[in-house]
Every structure is written in structure tokens, then in C-alpha cells.
Amino acid sequence: MKFLTEYLSFNIKKRRGFVNITNNISNLVSKSKVKEGLCLVNAMHITASVFINDNESGLHHDYEKWLEELAPHAPVKQYKHNDTGEDNADAHLKRQIMGREIVVAITNGQLDFGPWEQIFYGEFDGKRSKRVLVKIIGE
Amino acid sequence: MKFLTEYLSFNIKKRRGFVNITNNISNLVSKSKVKEGLCLVNAMHITASVFINDNESGLHHDYEKWLEELAPHAPVKQYKHNDTGEDNADAHLKRQIMGREIVVAITNGQLDFGPWEQIFYGEFDGKRSKRVLVKIIGE
Amino acid sequence: MKFLTEYLSFNIKKRRGFVNITNNISNLVSKSKVKEGLCLVNAMHITASVFINDNESGLHHDYEKWLEELAPHAPVKQYKHNDTGEDNADAHLKRQIMGREIVVAITNGQLDFGPWEQIFYGEFDGKRSKRVLVKIIGE
Chain A
547 MKFLTEYLSF NIKKRRGFVN ITNNISNLVS KSKVKEGLCL VNAMHITASV
597 FINDNESGLH HDYEKWLEEL APHAPVKQYK HNDTGEDNAD AHLKRQIMGR
647 EIVVAITNGQ LDFGPWEQIF YGEFDGKRSK RVLVKIIGE
Chain B
547 MKFLTEYLSF NIKKRRGFVN ITNNISNLVS KSKVKEGLCL VNAMHITASV
597 FINDNESGLH HDYEKWLEEL APHAPVKQYK HNDTGEDNAD AHLKRQIMGR
647 EIVVAITNGQ LDFGPWEQIF YGEFDGKRSK RVLVKIIGE
Chain C
547 MKFLTEYLSF NIKKRRGFVN ITNNISNLVS KSKVKEGLCL VNAMHITASV
597 FINDNESGLH HDYEKWLEEL APHAPVKQYK HNDTGEDNAD AHLKRQIMGR
647 EIVVAITNGQ LDFGPWEQIF YGEFDGKRSK RVLVKIIGE
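Protein chains in written order, with my numbering: chain A, 547 to 685; chain B, 547 to 685; chain C, 547 to 685.
Keep in mind that the hints are not guaranteed to be accurate.
Intra- or inter-copy, both count: the list cannot distinguish identical chains.
Stated by the list, open to error - Lysine to any residue pairs mimicking SDA-like chemistry, simulated, CA-CA at most 25 Å apart:
1) Lys-577 <-> Ser-555
2) Lys-623 <-> Phe-659
3) Lys-548 <-> Lys-560
4) Lys-676 <-> Thr-653
5) Lys-676 <-> Phe-556
6) Lys-673 <-> Phe-549
7) Lys-626 <-> Glu-615
8) Lys-577 <-> Glu-610
9) Lys-560 <-> Lys-577
10) Lys-559 <-> Gly-655
11) Lys-626 <-> Pro-661
12) Lys-581 <-> Gly-631
13) Lys-611 <-> Phe-556
14) Lys-623 <-> Trp-662
15) Lys-626 <-> Gly-660
16) Lys-623 <-> Asp-633
17) Lys-623 <-> Glu-602
Hints were generated in silico from the structure; no laboratory data involved.
All of these numbers come straight from a predicted model, not from anything done at the bench.
Excised from the complex, chain A in its bound form (with noise of 0.2 Å):
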């Protein structure tokens, strides 16, 4: 079996944001010389996601309007968990929807996609250092 492990670091500079990270995943999957096998690709914060959908930023307009409005930020106090000094609450419920991980097959060295799917890291509560974790097993 072989094995990759790398780590991403973000700092978004807005509180949220989503960042196109597939060319750094096929890279590291060329660099794991896998080429039958998995590729785990989870957020290592818990305000964070990594999810799969389309390049397209009318989408992510989209995903950021119906975000706000499943779990608004604001007014912070509406949650318990900003008690605590935080106001990211409604960041850790947006995870959620997003999800933190995605498990992508490798067949032939490289990610088994469909015609649009794009890796995404997406963002709930940045303007701070944040990681990805990039696990690869095969062989």
C-alpha cells in the first residue's frame, strides 16, 4: 500500500469564502503515485468545509444567500454558543449543510470525476490560519 498525507493552509481574508483547490488535489494524487485507491480531502476546523459542486460563481452567490438564510449570522446573541465570547455560531452550523469531508475514488492515477465536479474549500469564519488535510491510500 502507499500512503500521502499533506496539509493545505488558508487565510481567507473575508469571513466567508470559497476557494477552488482541484488542481491541488490531482497534484498530490500524481505526487502519490496511487493509482487504484481513495482520496480523503476533509477541513481540519470546524467552521469549514470541503464540498464538491460546480466552478461557477453565480452558484456560490447562491450558496452564500441561502446559507444566510438557513443559519444567519446575525443577530449573534439568537445563539448560545457566542455566550461563550465566539461569534462564529452560525459558521458551525453552515459546516454542517456543506459537510467537512469528500472521499474521491482514484482509477488510472488520477480522481474518477464527472464532467463538473470541482473540489471546494469553503469558508464560514475566516481572517485566520486554517488547514486541510489531504489523506491518499492505494496502491
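With chain A held as given, fit chains B and C onto it using these hints.
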């Protein structure tokens, strides 16, 4: 290590629908001859889901109604993504709630399932051909 | 390859509750003697979740309130699934938001976690015995 990679195809006649694919996946686990391992099943399209829940038609009706409340299809102009000429922005949102993929343990050559677990393909933008990836790894 | 398969049992005394199972999973990773690999943890029942988030009671209160807003338990007659004699349709919906499973990397024989990541069992239809599956694979 043993590997199996297979693709299932779907063409749902309506915009939305759920298809029980448990037997398809079970048969592929048998075909793989993997006794201990993991089975990844994921939608390869970003307006569809693979999820595990109950094989009960009333519940599927409830999911349909609930998802339509959380992410309504109409009016289509409420979504920026639909400015691209698409009318499926809601499908991209619904799929985030229901999920892209499942990972199931294989034990003694079988899907290691609880009493009610069944695997479903969830279509949110049908009337076109779409695929699901099945990747089995183990020994 | 090494494998470990274990089942955890829960019987939550209330309808809903969250249980921190991080130590249980850590101990199983040690027991497996896997140094590099993946750890799958999933609910085996379809009205329960396994998820990763913060070990903070205020946040758990926020999740409880938020999920009840997104998928209210009452009136039970609003759900067709409850025509079967069940009253747990809302639990099937809540579980889709919180997720069925997590996949965690194992690096150097340990769960490869960010600073705040903790694993929780989420019960949405308790007062009965339920199980969680832990499957570890690697080397």
C-alpha cells in the same frame, strides 16, 4: 489489495426522483471478492445525490416536500446561477443537504449494514443521463 | 493490510441527544495497530448521525434548536412517513443535515485531527438501542 471500479447510469424521466440501488451495490461487492474493505458510492453529477435512508415511499414524499421548502425550484430567477441559462440552481442546493457520497464498510464480503439501511440515488435535475461511481477497495 | 471492525451501542434516554465518542474511536485506532489508513465511523440506524464538530454545550443547544426549526417534530401528521404509525419522520430529515458518517485519516497511529475536532453520536429518535460501526483499514 483488490479493487473494483464500476459506473451505474440513470436517466430519470421526471425532474426529481429516488431510486433504490442497494442490490446493485451488493452485487458489485460480491463481484469484487473483497472480504474486508470500504465501498465508496458517489454521484458523478453535481445536481444528484447518493444517500442512505429508509425504503419507505411516505418518507420519500416527505423528503421531496421538505427539500422544496428549503431550496425551492421556482421562481428560477431568484438564483444567480440560473442567469447562465440553467434552471437547476435549486438542484445544486438540494444535493448539498442530501450529500454527494456514502462510504460503507465491507465485512465478511458483504455491506455491513444496520437493519433499515438502504442506498438511494437522488435525482434533482433529471431528464438526462447521469452516472454513479462505485469504488471498492480492500482484501 | 490491517482491519478492525467494532460496533458501539447506545441507548439515549431522551428523544434527542449528542454523545462525545472521540475517546472510544481513539482507543479503537490504538487497538487496530494501524499506523497509516482510514477510519470510517457511521450510524447504523437511519434516524441517527455521526458528525465532527465542537465539544461545547452551548453549540449543541444551538444545533438542537436549529434542527427543530428546519425539520420540526410536531405536528407529526405533517409527514406522510408518520402515517405508518411512526412519529419519527423529522428524525430522518435531521439526520440528513448532520450526516450519516465520517471518514478520518489515521497518521502515525492516531486520528489526524485539527485542534477542535471531536466526534459525536447524534440521536434524533432515542429511547431504544442503536449501534455505530467503526471500520479501520490501513497498514
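Okay, the hints, checked on the actual structure:
no., hint, verdict
1, Lys-577 <-> Ser-555, "within (18 Å within a copy, 31 Å between copies)"
2, Lys-623 <-> Phe-659, "neither (42 Å within a copy, 29 Å between copies)"
3, Lys-548 <-> Lys-560, "neither (37 Å within a copy, 43 Å between copies)"
4, Lys-676 <-> Thr-653, "between (29 Å within a copy, 19 Å between copies)"
5, Lys-676 <-> Phe-556, "within (5 Å within a copy, 34 Å between copies)"
6, Lys-673 <-> Phe-549, "neither (32 Å within a copy, 40 Å between copies)"
7, Lys-626 <-> Glu-615, "both (19 Å within a copy, 16 Å between copies)"
8, Lys-577 <-> Glu-610, "neither (33 Å within a copy, 42 Å between copies)"
9, Lys-560 <-> Lys-577, "neither (31 Å within a copy, 42 Å between copies)"
10, Lys-559 <-> Gly-655, "neither (34 Å within a copy, 35 Å between copies)"
11, Lys-626 <-> Pro-661, "between (42 Å within a copy, 21 Å between copies)"
12, Lys-581 <-> Gly-631, "neither (47 Å within a copy, 38 Å between copies)"
13, Lys-611 <-> Phe-556, "within (22 Å within a copy, 31 Å between copies)"
14, Lys-623 <-> Trp-662, "between (39 Å within a copy, 22 Å between copies)"
15, Lys-626 <-> Gly-660, "between (41 Å within a copy, 23 Å between copies)"
16, Lys-623 <-> Asp-633, "within (8 Å within a copy, 32 Å between copies)"
17, Lys-623 <-> Glu-602, "between (34 Å within a copy, 16 Å between copies)"
When held up to the earlier numbered hints, the structure conflicts with 2, 3, 6, 8, 9, 10, 12 and fits the remainder.
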